[in-house]
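Just so you know, the sequences run in chain order A and B. At position 86 of the first sequence the residue is numbered 86 (our numbering), and the sequence of numbers has no breaks. At position 194 of the second sequence the residue is numbered 194 (our numbering), and the sequence of numbers has no breaks.
These aren't lab readings, by the way, just hints derived from the structure by calculation. The beta-carbon is built from N, C-alpha and C at its ideal position, and this holds for glycine as well. You may find that some hints are simply not true.
[As the list claims (entries may be wrong)] These stretches of chain A come out as covered by chain B in the derived footprint (C-beta under 8 Å, 3 or more residues): (1) 61 to 70; (2) 93 to 102; (3) 114 to 124.
[Unchecked claim] So the derived label-pair ranges between C-beta atoms look like this: (4) 30(A) <-> 213(B): 36 to 44 Å; (5) 30(B) <-> 30(A): 27 to 35 Å; (6) 189(B) <-> 81(A): 33 to 41 Å.
[Claimed, not checked] Cut-off 20 Å, straight-line C-alpha distance, at most; resulting in silico cross-link-like pairs (PhoX-like, lysine-lysine): (7) 134(B) <-> 95(A); (8) 161(A) <-> 134(B); (9) 169(A) <-> 118(A); (10) 81(A) <-> 81(B); (11) 134(B) <-> 95(B).
There are 2 protein chains.
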Amino acid sequence: MTLQHIKVIGFDADDTLWVNEPYFRDAEEKFCDLLEGYLPRHTINRELFAIEIANLPVYGYGIKAFMLSMVEAALKITGNKMPVDIISKILEIGKTQLDQPVEVLDGVEDVLKSLTNKYRLVVVTKGDLLDQEKKLTKSGLTKYFHHIEIVSEKRPEDYQKILRHLDVKADEFLMIGNSLKSDVLPILDIGGYGIHIPFHTTWEHEKVDVIIDDPKFRQAEHIIEILQYL
Amino acid sequence: MTLQHIKVIGFDADDTLWVNEPYFRDAEEKFCDLLEGYLPRHTINRELFAIEIANLPVYGYGIKAFMLSMVEAALKITGNKMPVDIISKILEIGKTQLDQPVEVLDGVEDVLKSLTNKYRLVVVTKGDLLDQEKKLTKSGLTKYFHHIEIVSEKRPEDYQKILRHLDVKADEFLMIGNSLKSDVLPILDIGGYGIHIPFHTTWEHEKVDVIIDDPKFRQAEHIIEILQYL
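Using the sequences provided together with the hints, build the complete structure.
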């Protein structure tokens with residue numbers, strides 16, 4: 001795969017540039033702690049997940065959506081009969097998560113430093129703009145990126161919109177991320193390049209089971225490996 | 001004011017293209033209805049506003065942030081002693097608001113139709129991306145706009161970022177909106193053009209008391225008036 005003609009590289013943010021999913025797992029554990037008197041933990045988790053998925057079209061992604069779904073799940077799990085201070089504790093869980101430290105993944109800064117003068121680098125994320133801007137600032141990586149592209153979903157048509165917006169052809173765009181479903185498949189679908197770098201924890205909703213046979217696709221174990229193509 | 005050299009026109013969304021603030025006022029009224037057994041209505045409103053402002057740096061703007069602040073305000077107002085079904089009702093208020101119809105303001109479509117082939121038109125909003133995308137779709141105005149610019153704040157530096165992003169000079173950019181504080185003052189500050197079109201309802205946080213004496217500024221009563229400059 002030669003990529004010398006690439007003009008713009010899109011990086012997914014959460015779990016590609018920095019640690020994110022483990023903070024959601026922690027928050028879910030704390031949520032289960034609050035409610036384990038009502039239902040077994042795995043049932044609590046299942047109820048929460050079902051409510052999150054049902055709310056996706058209304059709330060979208062991000063921590064605020066997650067907080068509202070936790071509140072709704074707590075009401076459902078306890079049949080509207082819980083002590084009201086559980087709600088305060090849910091708000092605390094969410095606010096702690098919004099204030100979480102940013103732990104940049106190993107190798108990320110070296111890669112960005114080496115690419116920033118050769119390509120236009122952008123962050124492409126479904127998260128919440130304010131939240132992602134804050135994380136980018138805290139990460140110290142702002143200087144490497146041209147800007148952040150926020151999308152409400154990462155479907156092929158959303159990437160088409162980004163390409164129009166960036167004024168590049170699909171063939172000149174490479175997307176790098178930890179989610180096959182969101183960062184790789186849709187971009188291959190429209191004729192762009194994709195490199196998948198798995199993260200050890202993946203949200204249930206992002207899991208897919210596919211084998212990709214596409215000359216524009218590469219799998220990497222570690223972000224540093226992408227430099228061999230660029 | 002001659003504006004023949006303008007290349008990009010930014011339109012604020014809420015209360016510039018469509019009705020928004022009255023839905024927040026309605027939601028606040030319903031919130032007061034739920035809690036009027038605990039405190040006088042104006043005190044409830046004041047508590048809610050204080051919590052919204054305190055949460056702005058954490059949650060940003062938009063309906064999800066407003067929902068989370070309503071939940072927190074209800075806990076505070078009732079001293080954590082309210083019946084838990086008030087929380088369900090708050091979630092309902094928010095979900096209803098997220099599903100609100102889009103009422104395009106009078107004259108907006110005529111103006112956009114007349115400008116869309118002469119200038120690049122963009123929506124510039126602090127709202128939530130998913131929510132604003134949905135409203136744009138429901139409004140039927142999507143075809144007139146190049147894209148939506150979502151910003152976490154509308155400070156001069158945020159507009160600078162947009163200009164870099166759009167690749168235009170401040171002098172080639174005109175911003176149109178109902179908030180002097182967010183849509184006009186910061187853009188004049190960086191050397192761009194601004195037209196203010198007041199809406200009958202303004203959120204407390206957006207109110208400023210200034211007289212603007214700037215050759216790049218115009219006040220309009222109705223959006224249709226902007227065509228005389230373009």
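Status of each hint after checking the structure:
Counting residues of the stretch 61 to 70 of chain A whose beta carbon lies closer than 8 Å to any beta carbon of chain B gives 4, which reaches the threshold of three, so the coverage claim holds. Restraint check on the stretch 93 to 102 of chain A versus chain B: 4 residues with Cβ-Cβ distances below 8 Å, three needed, restraint holds. Coverage of the stretch 114 to 124 of chain A by chain B is violated [criterion: at least 3 residues with CB-CB distance below 8 Å; count 0]. Between residue 30(A) and residue 213(B) the Cβ separation comes to about 55 Å, which falls outside the hinted range of 36 to 44 Å.
At about 31 Å, the CB distance of residue 30(B) to residue 30(A) agrees with the hint of 27 to 35 Å. The beta-carbon spacing between residue 189(B) and residue 81(A), approximately 53 Å, falls outside the hinted interval of 33 to 41 Å. Between residue 134(B) and residue 95(A) the alpha-carbon distance is near 27 Å, which puts this suggested pair outside the 20 Å criterion. The suggested pairing of residue 161(A) with residue 134(B) holds, with an alpha-carbon distance near 15 Å, which does not exceed 20 Å.
In summary, the hint linking residue 169(A) to residue 118(A) is supported, as the alpha carbons are separated by about 17 Å, within the 20 Å threshold. In summary, the hint linking residue 81(A) to residue 81(B) is supported, as the alpha carbons are separated by about 13 Å, within the 20 Å threshold. Only pairs whose Cα atoms come within 20 Å are accepted, and residue 134(B) paired with residue 95(B) is accepted, the gap being roughly 14 Å.
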